[in-house]
Every structure is written in C-alpha cells, then in structure tokens.
Amino acid sequence: MSQPETLGLQLARRGVSRRSFLKFCTAMASAMALPPAMAAQMADALAKARRQSVIWLSFQECTGCTESLTRSHNPSLEGLIFDFISLDYHHTLQAASGEAAEHAREAAMAANAGKYIVVVDGSVPLKDDGVYSTIAGITNLQMLKDTVKDAAAVVSVGTCAAFGGIPKAKPNPTGAVGISEIVTDKPVINVSGCPPIPVVITGVLSHVLTFGAIPELDHLGRPLAFFGETIHDRCYRRPFYDKGLFAKAFDDEGARKGWCLFELGCKGPTTYNACATVKWNDGTSFPIESGHGCLGCSEPDFWDSGGFYKALSQGNWGTAEGIAAAAVAGAAIGTGAAVMSRKRQQSMVQEHGESEGGTLK
Amino acid sequence: MTLLEFARGPGLQWSLVILTVGMLWRLVGILALKHKSDFAEPRARGTAVVSGAVKTLFTRMVYAKPFRTQTTLPNVLSYVFHIGLAIVVFGFGPHILFIRDLTGLSWPNLPSGMIYLTGVITLGALVAVLVRRMTHPVLRLLSNFDDYFSWLVTVLPIATGLLAVAHLGARYETLLALHILSVELLFVWLPFGKLGHAFLVFVSRATTGALFARRGAAT
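As they're listed, the protein sequences go chains A and R.
Position in the first sequence counted from 1, then plus 4, gives you this note's numbering.
Position in the second sequence counted from 1, then plus 1149, gives you this note's numbering.
With the rest of the complex left out, here is chain A (with noise of 0.2 Å):
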C-alpha cells in the first residue's frame, strides 16, 4: 500500500545511502539518454516522491518478464526500483494468495483511484469470450478493464503485452492480443522484449515516477530512450557488416572472428531496442556477443515474420512447384500468341502472295 512519507525519507531509514541512490540516478539518466545534469533532479524529484502504487497483472506470459527483473545481476540497481514503488499486486511475488489477493488489489485501486500504475506482462485472449485464462474465475479481459478504469497510466512490459507476443503466433488459437488494443483511454507504455532490458522497466517507471508523465514514445509505444535505434546500428560487428564479411555458419572461421551474422538470420538491421548498448547480465554481453543472431524479439510479430535462421534479404518466394507452373502457363500462352500470329502470317501470304524473301513455312 501507498505509504506516506516520501521516498528520500525512507530510502534512508532503510540504509540506501545518497551515494547509491545518485549512481542510480545517474545510471538511469544515462540509460534514458537525458542531460547530465538530469541526474540530480531525478534524485531531487525521486527523494520528495511518495511510494508509487504499482499493480502488476500476469496474463497469457511466461513470467520470464518478471524473471528477467527480478534475476537481474544489479539488484543495487534494479532492485531499488522496488523500494520507489509500492508493488500492491503481483501474482508471482506476492505472499498474499486466493481472495486475499484479490483483495489487496481491490484495495490499492480504491486507495489510489487515479493514480496508480497498471504493469501488465503476457497477452489477453478475445476468442470465446476470453475463457481460455482466468484468474479468481474472472477472464483477464475483464480483471484489465476493470483494473485500468483508474489507472494513471499502463505499462506493458514484455512482448506479448506489448503486441501480443507468443501467444498471438499463428494460429493464435486463443485470440491473443497486445493491452493497446483493449485500452485505448489511457496511456500505454509498452516496454517490449521477450524478455524485455530490466534498466528498461525501471528507466520507464523512474521517467514517470520523476517527471510525472510518461517518456516520449515511438509510433509503437516505446520509449524513444530506449527503442530508437536499431541493434544492427549499435551492434559491435556493424564494421563487418560494412566490409561485406559474413559469418556463413555458427561454427566457422568467420563466426570465430566475430563477423556479421546476417547471413545467418539476425534479424538486428529491423530490430529496435537497446540490447547492443545496456546488454544483459551486468552488462556483460548480448545475444549477437554470445554468438546468435537477433531474433527480433521486440518487435510485433516476431515470431512469424519469415524464420529466424532466413536472412532478411531472403524472401518466402513460394515453392518451386509455384514457379513451374508460372512457366507453363507462360509457355502456353506464348505458344497462343505463336499460333494466332501464324495464322495472320498465312492469311497474309493468301491474300499478297509470296514475299520476295522467300516462303514462310
């Protein structure tokens, strides 16, 4: 629950020294690409901040979203995040389970009408009235609504929130969609990923928590901070990419000299996020430093955009049955048009006679 006394006060009653809490501040202004100087006013604005609620709601996903915060290699960093907000529901970290639960989360919303945060990870399924996942017996697209009704703000965290993700993956058996498409009256952050950066999700929620309003988005609802470049961009082996040496298998000579992957599948050059530059594990590497090429994970849609080993200058062309076919028909029809012009050519030769050339035969 929201508690009174602001953040500064209780940071330090809690043993958080200024010093940890400015490198954190420093960290997350650097992370969101503000002025230096920022820093120190999001420590200002952060100290004098009353505990934001934070109702966190876990539809069709994997928890690999809350994994991939929680098992952070920084908990100084990331971890702190938990002590600027009141995290009032949270199915995987809460104690409190069954109607309790619920409670909790129904009493967060009436304590904080209006001003809590909604963080959503996984999808919410349409199809048959939204059976296929419940909670408490209620469909998640209804605990959504009526969770979001006075919600401030919402922050999809992860893929499948963001556009659908796994779920939606054709078939899309159980109509999966991303939180956008069913609130369309708040903001909606989404923090894309599978899973998404954990100094993301806390930038996000430092930039609201500090500024009061949600960070400048792209046309697909992400941070700009954080999704406004592409990997391919950023990426170590551009260089490789840039004198035409490509990695041709993942155990050859040129994948042992670092080159580029595209060949390969990655999937860097369409892929916007800020994997190549914040990377993972403390900062230790990211997917193509380990080896494999991007499989365009933040992205819609990922899942069945043309396979992840098929480079992207590699089209689906159909099959070669396909082409075939094409040149049958191409052939008949020139044979057609081969035949009738033979025809006028005779009825020519009928009605001028010869030409001085000779006979056509």
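Check before you lean on any hint, since a few could be wrong.
[Claimed, not checked] Straight line, CA to CA, 16 Å or less: simulated EDC-like cross-link-like pairs of lysine to aspartate or glutamate:
(1) A/Lys314 x R/Asp1250
(2) A/Lys314 x R/Glu1190
(3) A/Lys174 x R/Glu1154
If you're looking for bench data, these hints aren't it; they were derived computationally from the structure.
Add chain R to chain A, keeping to what the hints say.
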C-alpha cells in the same frame, strides 16, 4: 501484415510468377513465330552456325567504328550503369543470399563499401542518361512512356537501396520494404517493356549471328 512482410512474402511470390509467365510468354511467342525459308546454299552448318551465334553476343558489345565518335557519351554512360548494376546486383552479400535462396547458386561477395560507391556512380549515370534523353531534340521525340517508365523502375531499386543503407527518409524496415517492392515492380515490368532486352538481347543477337554465319557474312 507489415509492409516488409508483404514485400518479402506475397509481393515477392506474385512478382516472380508474373516475371516467369511474362518471360516465357515473350520467348516462346517469338521463337515459335514463322520465319522465312532461306533457299540459298548455306556457307556454314552445325557448329559453325552456333559459334557465329555465340560470337555475335560479344562482338556486338563493341560499338561500330563509324558511330563511336558521335555516341561516346551515351556509350560510356550505358556501360557505366550496366556494369554498375551488375556489380550491385551480383556483388552485394544480401543480394547473393536472395539469389541463392531462389536458385541455389552462390559466390563470394564484394565489400559493402564498394557496393555503395558503385551504387552512387550507377545512379549518377542513370540520371545523366535521363537528362540526355530529355534534352536531346531527336531522342526526346523518339521517347515514349516505355522509355521513361523503364528508366524509373531501373532507378528505383538503386535509389531505395542507397536510402536504406544510409537510413535516410524513413525507418530502415520501411526503406527495406520499399527497396524490395521496387525490385518487384522491376520484375513485373521487365518482360513487357523495353527492359525485356535483359533476356531478349541474347535471343536477338544469337539469331542474327547464326543467320550471318549461315550466309558466310562477317558478324
């Protein structure tokens, strides 16, 4: 379905189908036409005729002496953009992947930087031939829709490819989709307009060469 998914999927499928139908239509339609009987005693037969056909494919690449001085600029420009197009199409790694996916054929690629430079030079040459076509008093009279549209569908893949590489004007995935769609437009138009010379030139030159060889004429 996004624009890129359409371009890589149904757009590509249908453009290839139209290209195949169109090429076979034109080729069979021409080859199956009646031709005049030649009652003259042949000066050459068999392999000599075939070698005459093959030889002509290459000898006609060199412009005839009497016209060289008059047509130096267009000749040079034509060579520049034809060779440039060949380098860009067959030398760029992602293009080779596309061709490999379609035909199973593959070869080593050139450095991407060299492709970008070639693309710019090719684009410049194509713009120059358009300017010449629009300013030359005779050429302008001879030009029709086919000439200008064929020029456009040749230029668009080069222009959109360079924009995609430079990330200019739109997001990369949009530029990539437009680039692929422009290639598909080229595929669709190629068999039916003057761009058909891309494959018909071999038929016409070889036929001429074979006829000349049969008559014992130099070619």
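Each hint tested on the structure:
{"no.": "1", "hint": "A/Lys314 x R/Asp1250", "in the structure": "holds (9 Å)"}
{"no.": "2", "hint": "A/Lys314 x R/Glu1190", "in the structure": "violated (58 Å)"}
{"no.": "3", "hint": "A/Lys174 x R/Glu1154", "in the structure": "holds (14 Å)"}
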